[in-house]
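Chain by chain, the residues:
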Amino acid sequence: MKIRVGHLYPEYLNIYADRGNIAVFDRRARARGHDLDVQAVTVGIALEPGAHDLLYIGGGQDREQAMIAPDLAARGEAIRGAIEGGAALLAVCGGYQLLGRGYRGRDGSWMPGASLFPHETIAGESRMIGDVLLQSALPEEPAQTIAGFENHAGRTVLDADAAPLGRVVSGYGNDGASGYEGCRVGRALGTYLHGPLLPRNPWLADLLLSWALAHATGSEPAPLEPLPDELEHEAHAVSAARARARGGRAA
Amino acid sequence: MGARLAVETSVARLVGRLSRAAGRGGGTTLPGKLVWKLDRSALDALASKLPDGVALVSATNGKTTTTAMANAILSPKRRLAWNHSGANLASGVTSTLLAAHDAELGLLEVDEFALPEIMRRTRPKIVSLGNLFRDQLDRYGELEHVAERWREAVAALDPDATIVANADDALVASIAEGRRSVLRFGLDDPDHARAGLQHASDSKYCVRCGHPYAYDAVYVGHLGAYRCPHCGHARPPLDVAAREIAPEALDGIGFSLETPAGSARVRLQVPGLYNVYNALAAASVALALDLELDEVVAGLERFRAAFGRFERFAVGDRSVLLLLIKNPAGGNEVLRTLEDGGVPSTLVVALNDRIADGRDVSWIWDVDFEPLLGRVERILASGERAAELALRFTYAGFPRERTELQPDLERALDRGLELTPPDGELVVLPTYTAMLALRAIATRRGLTRPYWEGERVA
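Protein chains in written order, with our numbering: chain A, 29 to 279; chain B, 133 to 590.
Accuracy of the hints is not assured; some may be wrong.
As the list claims (entries may be wrong) - Stretches of chain B that chain A covers, calculated by requiring three or more beta carbons in the stretch to come under 8 Å of a beta carbon on chain A:
id, stretch
1, 262-270
2, 273-284
3, 492-502
4, 523-535
Since the hints were made in silico from the structure, they are not lab data.
Predicted, not measured: the structure shown is a model, and the values here were computed from it.
Cβ coordinates follow ideal geometry from the N, Cα and C atoms, glycine included.
Isolated chain A (complex conformation):
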């Protein structure tokens, strides 16, 4: 089966090794006999309805993010449509912020987002930096943990009825106060966690791939056959131990 991936603004948003996440999707899809076809979706390229089974958006430096923010905001309807149509999405860091309703700068300025995730982000005084460990809040995989690294000045505040990605065990999370991290809408996941996220959390890659395959085949998501993930589990364990030992605390 061919899995069609749309990678949003890869030349602008690549600050935290986003290509590692794409490499994980690629290898893990191929190990199950599927092909990953990754297309760049950037300024001047339209997001065609139904053209992608999986969308990916990473993070950038402030200057690069500001350059593409208006273009992304104008795609709000197309992105929401793709998710309503059952496509999967992973947004990391800056991409996660830009897919909310908007970003309030320190100077009071308002940068509108694509309004996929029910949240708003407010620039903070200090950066929240460190290792993070989450307990999954996804009903599909409630027993799993997610390990990664966060580095953000924005405080992302979820709407009261929004679904987070996970509960913070160690680290700051969305805003350093709520005790939650990330957000989920349908098959779209947003998070501040990089590292990159997927090599040390392979089950999350497989969950997103199963959603993308469901979109590609028009069937219900089915679990993928397991792979030998000893190295991934070892990396997860080291990362999780880092978070427990020295991660920022949700205040």
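With chain A's structure known, arrange chain B on it following the hints.
Quick look at chain B alone, frame taken from chain A:
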């Protein structure tokens, strides 16, 4: 010297001797840390005692090597206070100046983040700004913020001070714009340009209008001959240039050094285009101090290697080559130099995640290991984040069974030597604290001298 500084100085020197006597490493920063804690203005006073003033060298990549090259050029002519062991924060700089009793000139490598304060306190005659690459985002923050701090510090500098600036780095070159005294250096040999910008390049958008630059040549990362098709902003003319570049595998690299003082052929004993950039920066600093061109050439050709950057030591009938990797741009240049110079069958890569390495290890995914992986037989993944490193290679398609996980550095070194044929060379790519640990192992085994005993170039 004021009475207070005199007392602080003598106490601090005693602390340095005690630290070394107690076997606690080099004691390189302990005296400085003490004085820095007691009285920050001690640094101002120490710098002002140097009759020929201070030259500062900063960059994301190459500051240690550039400073060591400048030392090789300058040391026959001037008595230097040089922080040769890489102690490049305010405390390390203070220690160096404390220890340099009769120095005439301060030659100081400075951390990018520490540069503004050290500039303010030491009032340098020369500041060399080498390059800015993304590096340890968890510690330094974003590139633009570092550049903004540099810009403010340069604006506050004595207008007669000379800025040595890399013209091939658009962001760095823009910081020197409008200054009275600037030496701009860069490469000018399109035959040795790379095919294009590397993955995840920095500063590739016009500093004036934000449009993507067009490149006539890309040499290292985003460094090259750029111009903006939209507003016309372009690389400024070069005052100090390298032309007719001639790489010699891992043995060295030659080039024509063209300067306002004339032109000459130089053969470096270290490889890589990145070392040509370092040599141009060192040459510019020396020229700004009125050294003759032949003194510059002689110094550059004398230079061997800086601390842990390109160090060889013999282990019986085998040798070990240490090549520091610390961020995507620097790592990529080391790997390209290896690709050009001969890929070893066994490679040890060691990833630590302490503060000096960067706690966030995501940068390894932006290093282009891929071309090397097709040519190497076996990789030993070592260091505290060995598993993450092994995943990097696995997801790049390197077979799992040919990657060995060996977090312990000493065991990885021994296993690597075991897999290296007699008369062969084991290449080790460590991050900063892994490099320090490996050097300590080598020192313990009598393979190399401790760094505080001096790396001064003969």
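Checked hints:
1. 262-270: The restraint on the stretch 262-270 of chain B holds, since 3 of its residues have a Cβ under 8 Å from chain A and three suffice.
2. 273-284: Coverage by chain A holds for the stretch 273-284 of chain B (4 residues, Cβ < 8 Å).
3. 492-502: Held - the stretch 492-502 of chain B has 7 residues with a Cβ nearer than 8 Å to chain A, which meets the minimum of three.
4. 523-535: holds (count 7)
Checked against the numbered hints listed earlier, the structure breaks none of them; every hint is satisfied.
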